[in-house]
Amino acid sequence: MKKSFLSLTLLILLVIGGSAFAETKDVLVVNSYMSDPVPKEALAELVKAFEEANPEIDVQVSTTAHEDFKKALRIWLSSDNPPDVITWFAGNRAKYFIDKGLILEITDVWQEENLDEKFPRAFRSISFVDDEAYFMPNNWYWWSVFYRKSIFEQYGLEEPATWEEFLQVCQTLQDNGVIPITIGTKFRWTAAAWFDYLNLRINGQEFHLRLMEGKVSYNDPRVKQVFTYWRQLLDRGYFLENAAAYSWQEGVRFLANGEAAMYLMGQFILDAVPAEVAADLDFFRFPVIDPTVPLAEDTPTDGYMIPRKAKNPELAKKFLKFLASKEGQLIFIEKTGRIGVNNQIPLDRYTPLTQKGVKMIEATDALAQFYDRDTLPSVADKGMNAFMEFWAYPDRIDLILDNLERESQLIFTE
Amino acid sequence: MKSNRNKTAWFFLTGPLVLYLGWVIGPSLYTVYLSLTKYDGLSSPEFIGLKNFYRLFQDPVFITSLVNNIKWLLSFLVIPVVLGLVLALLLNNQIKGNKLFKAAIYSPMILSPIVIGLLWGWIYEPAGGLLNSTLSVIGLNYLTRGWLSDPEVVLYAIIAAAVWRHVGYVMILFLAGLKTIPLVVIEAARVDGASGWKKFWHIILPMLRPATVIVFVVTIIQSFRAFDMVNSMTEGGPFNSSNVLANLMYIEAFKNYRMGYGGSIAVILFLLMFAFIVFYLKQIMKNEVD
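As given, the protein sequences belong to chains A and B, one line each in that order.
Following our numbering, the numbering of the first sequence begins with 1151 at its first residue and continues without gaps.
Following our numbering, the numbering of the second sequence begins with 624 at its first residue and continues without gaps.
Cut-off 25 Å, straight-line C-alpha distance, at most; resulting in silico cross-link-like pairs (DSS-like, lysine-lysine):
1. B:K878 <-> A:K1220
2. A:K1485 <-> A:K1471
3. B:K821 <-> B:K802
4. A:K1471 <-> A:K1175
5. B:K661 <-> A:K1250
6. A:K1250 <-> B:K674
So, partial list: chain A residues that the calculated Cβ filter (under 8 Å) puts toward chain B:
7. K1221
8. R1224
9. L1227
10. S1228
11. R1338
12. A1395
13. S1528
14. D1531
15. M1538
16. E1539
17. A1542
18. E1564
Source of the hints: derived by calculation from the structure; they are not laboratory data.
Even glycine gets a Cβ: it sits at the ideal position worked out from N, Cα and C.
Bound conformation, chain A alone (with noise of 0.2 Å):
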């Protein structure tokens, strides 16, 4: 019984004994929730030529799957021995943690950089709190409406600009039996697509983003019209029936067969599809409401931090400068055929879709991330069932809007 504690305490010290003199290298720990293969290896191969560059750097990349990172995040900042480089989603999401100052301020590497240059202007606001910076976005998606061109050929269809171009096409499609528009709300984002792109149509940027910061109140009549407008295409039975019984993929299903025209969806639904399907998708913005009103899209911007206990702030710095530049950029969109923050990547690096993507939103007045992004997470699910709420009883939808008030006063006010 003694021998063999002794023997563990003794290997146990020669294991921290060991590491300690095997480490001659600096050691930069980077925590991922980059967990799909593609994304992954893009990370492996920044990482790499980052090692190349810098030899006297070990970078040690540690990948936790989505759902776990944000849980485990918590746990890491919020110890004494942080990693030195975590990723994360731009809005709300990150200033809930810079809130609480648990994150390094970068405003330096901002400058040394010149990403107020490099970078639209649009990606400032994402990336600054109180004029300093924290964020370090890397790459974005757009969202529009995705369509099969094959079927808005067959019946002469035109991209609808227009809310009533919009509805003309909706009514169009199903006289012809085909669903106008698939959509699987099963896990409720798909549906808060809907909410984010209404709002924004009819209210602006400016409201929306109040609204997810709990200043303007749900059961404002402003907010009642974005489930007006919702309700002409739902009374009308231009969304896929049964919607709440499947996942966004199982939704693309329809659209890939034939059977649906339109999906409200992020650019990752060309990686969803089979490859002749890819081919046939085009898509448009979504349509305007109210011409006065400042064209604003959503583009989730995903990115990197350095928590404010990092142990080595200079490296990470040194990384995030890496992962900011043209080149680090280039490695990583030609990957995953996201699209990079950086401006000096040429056009042409993207696919015609992409270019196309791209061209929207730099026509775009106001961005946003996406509604469980822009405001508190618990707030988003109550919001999110408010909505399928809404969809099954329209009727209902004063008594749903003032109990999501209600709740997410609470929530505001905590």
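Using the hints, position chain B against chain A.
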């Protein structure tokens, strides 16, 4: 001698006891403490007294989930228990192929609830799922619906899948109970001219009491623990129509990062289970004494 034996007992118990205190009792008490705090998993917990509980009983989602748990409990106490008992009685006879039947009926129990959730998710799929296609083939078109998207039926659709899993378990427990009834007693009843029903009601059922106790306790616990199938089939949706307390606790604590609030749901869940089981066991004991 006796104290020596006690010492030995304590020596062997210390290890497991320390583990049990540190890994089970400790965290449970910590959850009770958390239920009295506001805690986001990031800043340190802030003591707020009974506020979480006060909030809970005004939270419509909590009420819906509680009611759903009760619906689940009532359905579970009736359907799988009766079905399991009937199957046990049938298969206790030496009918041809009864081993095969037993195995077949018990086999869903071997599957993980998550797998069952996925499986039934496909059966319930509205456009091409087995249930809806079968209904249309036999001309019952008007019965087809989105089983997991219709807020009126979704809970029962999940309960049905859970029942499918639970029946086999109940059957095995009753079968084991039936094996303990001495044949002599049953023979004697037959000689005395007891009919099938009388024999069942006055002889078999009372003698099955120990098995019944276990079946009821297991069933109560199972219905309050209901989580995995709800989570894998609907995540409690649409808009909480199929939510249950365990899933709500998970969502509040680990998705919405309201650990204190989630903790208070856990405490209520514990108290409910505890109350039901204590009440039930007390009834049993009283009857035993009588």
